[in-house]
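Protein chains in written order, with my numbering: chain A, 1 to 163; chain R, 1 to 200; chain P, 1 to 724.
Simulated from the structure, these hints should not be mistaken for lab results.
By construction, the Cβ of each residue, glycine as well, lies at the ideal position given by its N, Cα and C atoms.
Hints are not guaranteed to be accurate.
Stated by the list, open to error - Here are some chain P residues the structure puts well away from chain R; computed CB gaps all over 12 Å:
1) HIS283
2) LYS427
3) VAL503
4) LYS538
5) GLY661
What the hints assert, rightly or not - Distance condition first, Cα-Cα at most 30 Å in a straight line; then the derived DSS-like pairs of lysine-lysine:
6) R:LYS67 - P:LYS196
7) P:LYS196 - P:LYS153
8) R:LYS128 - R:LYS184
9) A:LYS65 - R:LYS180
10) A:LYS65 - P:LYS263
11) A:LYS12 - A:LYS65
12) P:LYS196 - P:LYS263
13) P:LYS669 - A:LYS116
14) P:LYS242 - P:LYS196
15) P:LYS242 - A:LYS143
16) P:LYS673 - R:LYS67
17) P:LYS683 - P:LYS612
18) P:LYS719 - A:LYS147
19) A:LYS143 - P:LYS206
20) A:LYS65 - R:LYS128
21) P:LYS683 - P:LYS199
Letter by letter, the chains look like this.
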Amino acid sequence: MEISMTVNGMHKTVSIADENTPLLWVVRDTLGLKGTKFGCGKAACGACTLHVDGEAVRSCSYPVKFAEGKDVTTIEGLGDRENPHPVQQAWIDEVVPQCGYCQPGFMMATAALLNKVSKPTDEDIDNNIINVCRCGTYYRMRKAIHKAAELHSKKEIYESKEL
Amino acid sequence: MKSKPFCVVLVLSVFGYLFVWANTPKISKYGPVELTSKSSNQDYDKMMDVLTHQRCMNCHPSDDIPKQGDESHPHYFGMARGEDDHGFEATNCNTCHQSENNLNSGVPGAPHWALAPASMAWEGLTRKEIAERLLDMTMNGNRSHEDLVKHMTEDDLVLWAWEPGIDANGKQRSLPPVSKEEFKEAVENWFANGAIIPSK
Amino acid sequence: MADKGNDSKKTSRRKFLIKGGLGTVGVVAIGAYIFRNPIRRELLGFANSLEAPYTDNTDKPMMWFEVTKINEILLHSPKMEMGQGTFTGIAQMAADELSVSMDQIKVVHAASSTGNVDSFATGGSTSISGLWEPLRELAAMLRVMLIKEAARKMNVGIDELSVENGIISAKGKSLTYALAAEGVENWEIPDVPALKDIKDYKFIGKPVPRVDLDAKVYGNPIFGMDAEMPGMLYGAVVRPSKIGSTFVSADISAAEHMPGVVKIIVEDDFVGVVANSMMEAEHAKNAINVTWGNYGDLDTAAIKNMMTVGNGNSTTIQKNGNAFGEDDDFEILEFRSPIGAHAQIEPNGVVASVDGDSATIKISTQVVSITRKEVAKRLGLDTEKVNIVPTYLGGGFGRRLHTPHAVQAAVMSKAVGKPVKYFFSRKEEFQHDMFRPPTHHIIKGKLNSEGFLDTLEHEFVSGDVATDSALIPNFLTNFLGADVGAIRGGFIQYTAIPNFRAVYWHVVLPFATSWWRSLGLLANTFAMESFIDEMAIKAKKNAVEFRIGQIGESPIDVRLKNVIKAAAKKANYHEEVINGRAMGFAASIDANTPCAQVAEVSIVDNEIVVHKVTVAMDPGLAVNPDQIRAQCEGCVIMGISAVLYEEMFVENGELTPTIYGPYQMALMKNAPKEIDVVLLQGKDTPGAVGEPPLGPIGAAIANAVRRLTGERLTELPLKLSKTV
């Protein structure tokens with residue numbers, strides 16, 4: 001069957017035999033976007049977190065058929081070197097990653113959090129950011145999340161002034 | 001937070017609707033049925049066998065923590081009720097649970113996957129207390145008997161209990177001890193007979 | 001620094017070789033370099049005299065650097081980047097000696113075809129310390145070579161030239177390294193030049209950002225799991241769930257005709273399926289019915305029973321003064337640690353392409369050379385024809401010191417004539433890990449009249465860590481008599497105690513155990529430092545003073561004392577319970593790096609909560625202080641995860657659990673909100689960083705709990721036995 005969706009702002013139509021194929025594999029293997037990671041395949045570790053219509057979703061457990069007509073954002077679409085997302089900028093400022101494998105999932109979860117709670121408290125972070133990092137970068141991540149919230153609100157002020 | 005005013009309006013209108021709806025006289029389609037109290041008790045027991053089974057009880061917790069598995073362990077990773085029974089702001093039920101079971105990952109799913117409201121906490125209650133809470137309109141989401149029958153016999157999330165899918169290890173989740181059809185019949189009969197809670 | 005102008009002892013001039021024609025200007029391949037490996041030197045206290053050179057590559061050219069047309073330097077790293085920051089550290093070292101900016105150094109993993117492959121492994125916290133001298137010398141040498149060519153081309157004297165940012169200049173004229181190298185065919189090989197003075201380094205010693213930061217923040221495809229090859233298919237391998245299973249037969253009839261299945265491969269030791277997509281391979285794998293034999297129905301209790309001091313063979317690894325006599329009174333405590341899983345987030349994966357007599361393997365591995373030999377052997381290929389192309393590792397922690405799945409992927413690729421990608425499921429990761437072995441410890445101690453230890457004995461048992469591993473040759477294990485991995489942290493570090501003894505017992509478990517970041521250190525230090533704390537309490541002494549009073553006077557002892565004092569001071573260590581919080585102290589020496597930690601702990605809802613950890617560590621010269629801090633933070637959090645939550649069980653012959661969640665690990669909410677790191681420099685060369693901070697954390701937390709509740713917790717993971 002054919003599935004049409006928007007991925008990182010671009011319209012994509014993919015042809016797939018099994019409509020229950022996890023969105024993760026369509027994004028990685030069909031569309032070639034490797035930033036979204038496979039960690040467990042059971043929605044337990046969060047390495048595959050991306051956004052569907054702005055909501056954090058664990059794509060290893062999300063059949064591609066549900067993405068029909070939806071707006072999918074992966075780490076590649078979050079920001080780039082020229083225009084980093086506040087979360088990415090904060091991650092760079094705080095030098096968060098070690099091995100780096102789990103980081104896209106954490107950044108996508110954080111970006112989703114900032115869309116809902118613009119100034120998250122430590123408790124909000126503890127509740128919402130429940131991905132698994134083996135290197136133990138949580139300490140720097142927490143700092144980066146607070147920093148990203150600051151950058152995010154500054155960016156909003158700046159953008160509203162621009163308007 | 002542009003969405004806030006909208007939410008407030010929505011909430012108010014839902015309350016308004018509920019208010020009007022609750023005060024509209026309704027005629028139950030379930031006429032009185034000639035039944036002995038013994039068979040009513042049997043219906044009650046069957047219904048309660050299901051309601052107290054893990055498939056139902058796991059999502060009616062008394063401590064805001066959803067439970068998982070046949071041994072009803074707290075939901076992994078600290079997931080909790082949140083403000084609206086759907087988990088936390090960004091990481092909520094639908095981050096992992098979709099509208100159907102996922103046979104690749106073993107993550108269960110059904111439409112409007114969520115915890116039952118805190119007012120419907122059953123965990124740790126006796127059967128009698130559960131039944132009382134079930135019938136109490138101040139606790140049950142303002143549901144009449146008719147609404148309850150509909151909810152318990154037609155709601156996708158309730159009926160998920162009989163199609164719970166496989167777990168992360170690929171094992172079939174255990175089913176309630178009473179078949180779906182028997183349960184539906186028991187619920188309908190019990191309510192039709194006046195929803196009498198046995199005193200024992 | 002000593003002038004090394006005439007010192008050709010370490011880098012033989014004859015072994016330098018220049019190779020061209022690899023598509024970049026001025027390709028410079030620099031010859032073999034036998035650098036010493038500190039882990040082997042420091043395996044055991046008495047193994048210091050052992051010279052353990054690399055076993056291959058010593059006569060072949062190794063390409064370390066390439067100078068590109070855009071005046072960048074490619075540094076081919078023989079060490080893998082798995083998060084520990086090695087790429088950044090070596091980039092700093094090379095940039096400083098090459099006189100280029102950090103932006104001009106691009107670090108890549110050396111593929112085995114370039115020759116620059118470490119025949120040992122990336123592990124043991126040795127990458128920076130092992131490369132410290134040789135890499136700077138090689139970089140300095142390349143700088144001199146380029147300057148000489150520039151002098152010739154610019155027709156000026158060498159002494160008149162200066163270099164900055166890869167541009168050689170004199171008298172208003174300048175030449176980039178790229179132009180200096182262009183067209184040169186006969187390079188003049190200099191002796192090892194004098195290294196720069198450390199104070200003149202621009203990058204070494206500075207907290208420069210990680211060189212892989214951008215790639216990791218923007219989601220670049222840098223990991224083994226991201227690797228692809230043109231026309232590649234997907235493989236899957238059927239693995240047994242029960243410990244000890246051997247392959248008997250396979251019924252492939254149902255799987256054979258499933259959608260997308262290309263071929264099913266039944267070998268003597270494994271069954272694989274190749275399909276067009278990953279999901280198709282996975283579905284077909286599940287439809288293959290394999291009969292396994294030889295498995296039993298072990299359980300956790302049976303494993304614990306085996307893993308008890310007194311079982312297996314013993315070796316006394318340390319001895320001073322007299323042992324306890326039969327009639328002596330002593331305090332005694334027993335400790336246990338469980339089976340631990342690596343649980344690295346990137347599953348083990350590989351893409352293999354076998355084409356005629358050659359093979360290319362893209363893989364996240366800590367053992368390039370060993371993997372290369374394994375593939376060559378199985379496929380009957382010339383080792384030289386097997387190119388291992390390492391990728392970034394999505395976590396190593398010792399898990400990727402054993403990567404024979406490269407062999408299976410190669411066999412599958414050969415069978416279908418196309419590249420095959422294959423990786424472990426998470427269940428396979430948990431059941432076929434090379435686990436951290438469980439341990440059991442019996443510690444006895446007796447105080448003297450002054451309230452210090454008169455006698456201390458540590459007897460402990462562990463499964464294999466380094467014994468019989470591909471990494472440590474058997475002769476070395478046999479010579480040492482003890483598992484050099486399992487004994488890390490098992491020594492008595494308070495050498496001023498008049499009588500002490502450490503005895504290691506070796507038990508072989510029925511499932512694979514191996515290196516787990518810091519090896520024996522985590523469990524051994526938990527046991528030893530918990531016991532020391534209990535003795536301090538018995539002696540009615542402050543835990544810090546009790547420790548300081550029993551440390552010897554050798555250089556490492558002095559460094560240990562210094563980190564203990566520094567941690568106590570920085571944390572403002574005290575032994576009162578204030579507002580429901582208590583502090584716990586512990587210290588360890590690992591791979592010649594002493595580390596002390598103070599954990600600030602409270603009990604919330606009957607759970608142990610770690611609020612703050614203060615770390616004082618002396619890793620010697622800090623090449624990148626920020627990355628050393630990151631390693632300390634990471635070790636503290638990984639350590640909290642291991643000592644508070646993690647535990648593998650054995651049920652009905654199966655290792656369990658098989659997924660995150662049931663295998664509980666520290667999450668964001670479990671990480672301390674404060675981690676304060678103090679770095680000391682007690683020696684002028686870089687030392688081990690990536691593992692030593694894992695030592696003290698277990699005991700530091702347990703010691704804080706002891707002060708909070710009065711309860712001495714002796715088993716990992718730490719669980720409160722009563723409601724507080």
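Hints and how they fare:
For HIS283 (chain P), the requirement that its beta carbon stay farther than 12 Å from each beta carbon of chain R is not met, with the minimum near 9 Å. The beta carbon of LYS427 (chain P) is not kept farther than 12 Å from every beta carbon of chain R, the shortest such distance being approximately 7 Å. Every CB of chain R lies more than 12 Å from the CB of VAL503 (chain P), the least distance being 40 Å, so the non-interface label holds. The non-interface label for LYS538 (chain P) is consistent with chain R: the shortest C-beta to C-beta separation is roughly 39 Å, beyond 12 Å.
The non-interface label for GLY661 (chain P) is inconsistent with chain R: the shortest C-beta to C-beta separation is roughly 3 Å, within 12 Å. At most 30 Å may separate the alpha-carbon atoms for a hinted pair to count; LYS67 (chain R) and LYS196 (chain P) exceed this at roughly 63 Å. At most 30 Å may separate the alpha-carbon atoms for a hinted pair to count; LYS196 (chain P) and LYS153 (chain P) meet this at roughly 25 Å. Distance check on the hinted pair: LYS128 (chain R) and LYS184 (chain R) sit about 19 Å apart at the alpha-carbon level, within 30 Å; holds.
Annotation: proposed proximity of LYS65 (chain A) to LYS180 (chain R) holds, straight-line Cα distance about 29 Å (limit 30 Å). For the hint linking LYS65 (chain A) to LYS263 (chain P), the alpha-carbon distance of about 28 Å falls within 30 Å, and the restraint holds. Distance restraint check for LYS12 (chain A) and LYS65 (chain A): the Cα-Cα separation of roughly 13 Å lies within the 30 Å cut-off, and the hinted pair is therefore satisfied. In summary, the hint linking LYS196 (chain P) to LYS263 (chain P) is not supported, as the alpha carbons are separated by about 59 Å, beyond the 30 Å threshold.
Taken as a hint, the LYS669 (chain P) and LYS116 (chain A) pair is honoured in the structure, with Cα atoms around 19 Å apart against an allowance of 30 Å. A threshold of 30 Å between alpha carbons decides the hint, and for LYS242 (chain P) with LYS196 (chain P) the separation of about 57 Å lies outside it, so the pair is violated. Annotation: proposed proximity of LYS242 (chain P) to LYS143 (chain A) is violated, straight-line Cα distance about 43 Å (limit 30 Å). Distance check on the hinted pair: LYS673 (chain P) and LYS67 (chain R) sit about 28 Å apart at the alpha-carbon level, within 30 Å; holds.
Simply put, LYS683 (chain P) and LYS612 (chain P) have alpha-carbon atoms about 28 Å apart, close enough for the 30 Å limit, and the pair holds. Taken as a hint, the LYS719 (chain P) and LYS147 (chain A) pair is broken in the structure, with Cα atoms around 35 Å apart against an allowance of 30 Å. For the given pair, LYS143 (chain A) sits about 21 Å from LYS206 (chain P) by alpha-carbon distance, which is consistent with the 30 Å threshold. For the given pair, LYS65 (chain A) sits about 44 Å from LYS128 (chain R) by alpha-carbon distance, which is inconsistent with the 30 Å threshold.
Between the alpha carbons of LYS683 (chain P) and LYS199 (chain P) the distance comes to roughly 15 Å, so the proposed pair stays at or under 30 Å and holds.
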